[in-house]
Amino acid sequence: MLEALGISSPALFGQLLIGLINGSFYALLSLGLAVIFGMLNIINFTHGAQYMMGAFGAYLLLEHLHLGYWWALIIAPIAVGLTGVVIERLFLKQLYQLDHLYGLLLTFGIALIIQGLFRNYYGSSGLPYRAPAELQGVRNLGFMFLPNYRAWVIVVSLVVCLSTWFVIERTRLGSYLRAATENPSLVRAFGINVPRMITLTYGFGVALAALAGVMAAPIYNVSPLMGADLIIVVFAVVVIGGMGSIMGAIVTGFGLGVVEGLTKYFKPEASDTVIFVIMVIVLLVRPAGLFGRRA
Amino acid sequence: MNNLFGLGILAGLLTASAAHAQISDGVVKIGVLNDMSSLYADIGGKGSVLAAQMAVDDFGGKVLDRPIEVISGDHQNKPDIGAGLARKWIDTEHVDTIVDVPTSSVALAVQEVTREKKRVFLMSGPASSDLTGKACSPYGFQWTYDTYALAHGTGGALVKQGGDSWFFITADYAFGHALERDTSEAVKAAGGKVLGSVSVPLNTQDFSSFLLQAQASKAKVIGLANAGGDTINSIKQAAEFGIVAGGQKLAGLLVFLTDVDSLGLKTAQGLTITSAWYWDKDDASRAFAKRFVARNPNGKPPTYTQAGVYTEVAFYLNAIKAAGTDDADKVSAQMRSMKINDFMTKDGWIREDGRIMRDMYLEEVKSPQESKYPYDYFKVLATIPAEQAFRPLKDGGCPLVKN
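Chains as they are written, first to last, in the numbering used here: chain A, 2 to 296; chain B, 2 to 404.
To be clear, the hints were calculated from the coordinates, so they are not data collected in a lab. A few of these clues could be false.
Here are the computed lysine-lysine pairs in the DSSO-like style, where the Cα-Cα straight-line distance is at most 27 Å [unchecked claim]: (1) LYS221(B) x LYS189(B); (2) LYS250(B) x LYS268(A); (3) LYS268(A) x LYS221(B); (4) LYS79(B) x LYS268(A); (5) LYS380(B) x LYS118(B); (6) LYS268(A) x LYS118(B); (7) LYS291(B) x LYS340(B); (8) LYS268(A) x LYS119(B); (9) LYS194(B) x LYS221(B).
Every value quoted in this text rests on a predicted model; they were computed, and no experiment measured them.
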């Protein structure tokens with residue numbers, strides 16, 4: 002039947018799978034953003050730069066310390082997460098009482114500074130980084146050739162996203178976090194160190210961005226500009242999913258990846274605008290986003 | 002009598018010096034306009050500004066007793082910003098020539114500005130062959146390469162090797178479409194066929210979807226009608242999807258030294274490219290590259306567009322000196338009458354349509370084993386003589402060409 006419409010089903014399934022893979026990057030990144038906004042009410046525009054720092058972390062670990070991809074998966078997110086902690090302690094702390102806009106402006110400014118510094122030092126063409134030997138190679142699925150590394154990306158993304166959702170929505174630690182956002186003074190009265198939880202939460206969100214960066218390093222060009230291009234799309238994903246909703250960010254991330262993949266097949270010229278068109282429609286129909294729960 | 006005599010001598014001296022130094026506004030200003038911050042920033046960027054400054058310094062910093070100044074600006078790959086900057090430079094800052102301007106859509110816009118305002122436009126960066134075709138200008142000079150040369154050089158070579166069916170991945174703007182058009186014509190002229198193409202927005206990160214379409218087409222050659230960061234991502238991801246291992250060839254239609262540097266030789270080896278110059282070509286080129294590297298903060302040798310900026314600025318200054326003025330009409334005529342001989346070009350000349358006629362080189366990216374020292378990336382397979390490399394004068398549709 003699909004053939005009658007002029008669509009070859011093997012090609013279509015291939016594009017759907019690619020869409021899912023891209024969606025897993027969107028999901029990982031929007032998860033970090035949703036955690037930070039949902040828990041802390043900060044619109045973290047530095048997310049793209051922190052994603053880029055994760056990728057550069059992987060490159061630098063290999064180049065200077067000869068530590069490969071598997072090490073980078075653990076070390077880079079922790080290192081970048083620590084820089085996030087520093088930013089939170091020094092700057093973001095002062096802004097919690099103020100309008101969202103201040104957090105947005107501050108994080109946007111920090112993003113520009115970080116990106117500018119990296120670009121000044123490394124240029125814009127990017128640096129070479131290859132997938133580890135264990136993950137190289139392709140598998141012939143019949144309807145397409147799937148690189149093993151991309152299959153790995155989907156798996157990791159699903160595991161990380163679902164575990165994060167589980168921790169926040171289903172465990173006691175998660176409930177402390179959620180309560181601390183709604184009523185910090187009351188939660189403090191119970192003896193829970195709220196400021197430390199907030200700092201660690203921001204660090205965790207940033208570490209998620211850096212993890213996405215390490216995963217991106219072998220397949221996308223490791224360049225200081227890599228975050229800037231991606232962050233706008235990720236914001237659209239979070240807005241569509243609902244700014245405060247963790248599950249919304251995950252589901253929308255994967256879903257929009259598939260939609261974008263289909264657009265690349267049917268009308269490639271529109272592939273970088275389709276997500277924004279959807280965002281406009283969703284904002285008109287459901288301003289809180291598809292899964293959002295804030296008024 | 003004495004007073005009249007003295008007055009006469011004074012008058013004579015004054016008119017003589019006035020005729021001698023007809024430099025508008027007392028200074029020769031060179032405006033280097035290119036992408037300083039985005040995907041093409043390493044191909045030209047600050048390196049082009051350095052190249053222009055080196056040319057000025059080597060010339061002595063002055064021409065016809067007037068100082069020479071180099072200023073620069075970032076067009077961000079946007080035609081409106083580029084044209085706006087060009088206009089502002091010409092109207093309020095007395096800029097006499099605009100130099101480099103990669104990104105063909107911006108170059109086409111600046112060509113119109115310089116045509117209207119009568120300023121020399123020295124194009125080292127942009128690729129579109131339309132700049133010496135239907136958009137040609139009496140003040141516009143395309144100094145290094147163009148899409149026709151790339152198409153016939155690389156396209157012709159690959160068809161000869163058996164790559165007779167092509168699929169294009171094209172950057173969706175003026176340059177990509179010009180390159181796809183010229184390469185399709187070259188492939189068909191050589192007896193091959195074009196199976197299809199896909200247009201991709203500029204500055205795309207992920208090419209997997211488009212590479213999948215290219216794989217499905219079963220074309221023997223996948224032509225990458227894009228540049229800079231787009232080409233790097235395409236080639237990197239093509240390696241991931243086992244495209245070359247699966248038997249299809251990749252044609253990097255526009256690849257620079259900086260792109261190979263980003264990809265690493267392991268990924269880029271074997272790519273056949275067409276180029277206007279290479280830093281390791283001969284002793285004179287190496288000498289220039291050495292001086293450039295010494296002053297270049299990121300330590301990389303010059304790309305051929307950056308070397309192009311150096312040689313075109315040097316040529317322009319020599320033309321001003323010979324013509325005795327910086328007036329655009331006179332300098333353009335002077336340049337057209339001179340032969341170009343420097344480390345980059347041997348016996349080059351300028352055609353009526355503004356095309357600089359130079360030899361082009363067919364090169365191949367070395368394997369990691371073949372590379373003996375840093376930036377030792379290319380080996381020259383063949384020299385393509387100027388007459389063969391560029392589009393025949395009568396085929397361009399340039400209104401300046403009298404039939």
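Each hint tested on the structure:
Using a Cα cut-off of 27 Å, the hinted pair LYS221(B) and LYS189(B) holds, with the two alpha carbons roughly 14 Å apart. For the hint linking LYS250(B) to LYS268(A), the alpha-carbon distance of about 25 Å falls within 27 Å, and the restraint holds. A hinted pair counts as satisfied when its Cα atoms are at most 27 Å apart, and LYS268(A) with LYS221(B) qualifies at roughly 24 Å. A distance of roughly 23 Å separates the Cα atoms of LYS79(B) and LYS268(A); the hinted pair therefore holds under the 27 Å criterion.
Between LYS380(B) and LYS118(B), the direct Cα distance comes to roughly 43 Å. Violation of the 27 Å bound is thereby established for this hinted pair. Taking the CA atoms of LYS268(A) and LYS118(B), the gap is about 40 Å. The hint is violated against a cut of 27 Å. As the CA atoms of LYS291(B) and LYS340(B) are separated by approximately 26 Å, the hinted pair is consistent with the 27 Å bound. Restraint check for LYS268(A) and LYS119(B): the C-alpha separation of about 42 Å exceeds 27 Å, so the hint is violated.
Proposed proximity of LYS194(B) and LYS221(B) is supported: the alpha carbons are some 10 Å apart, at most 27 Å.
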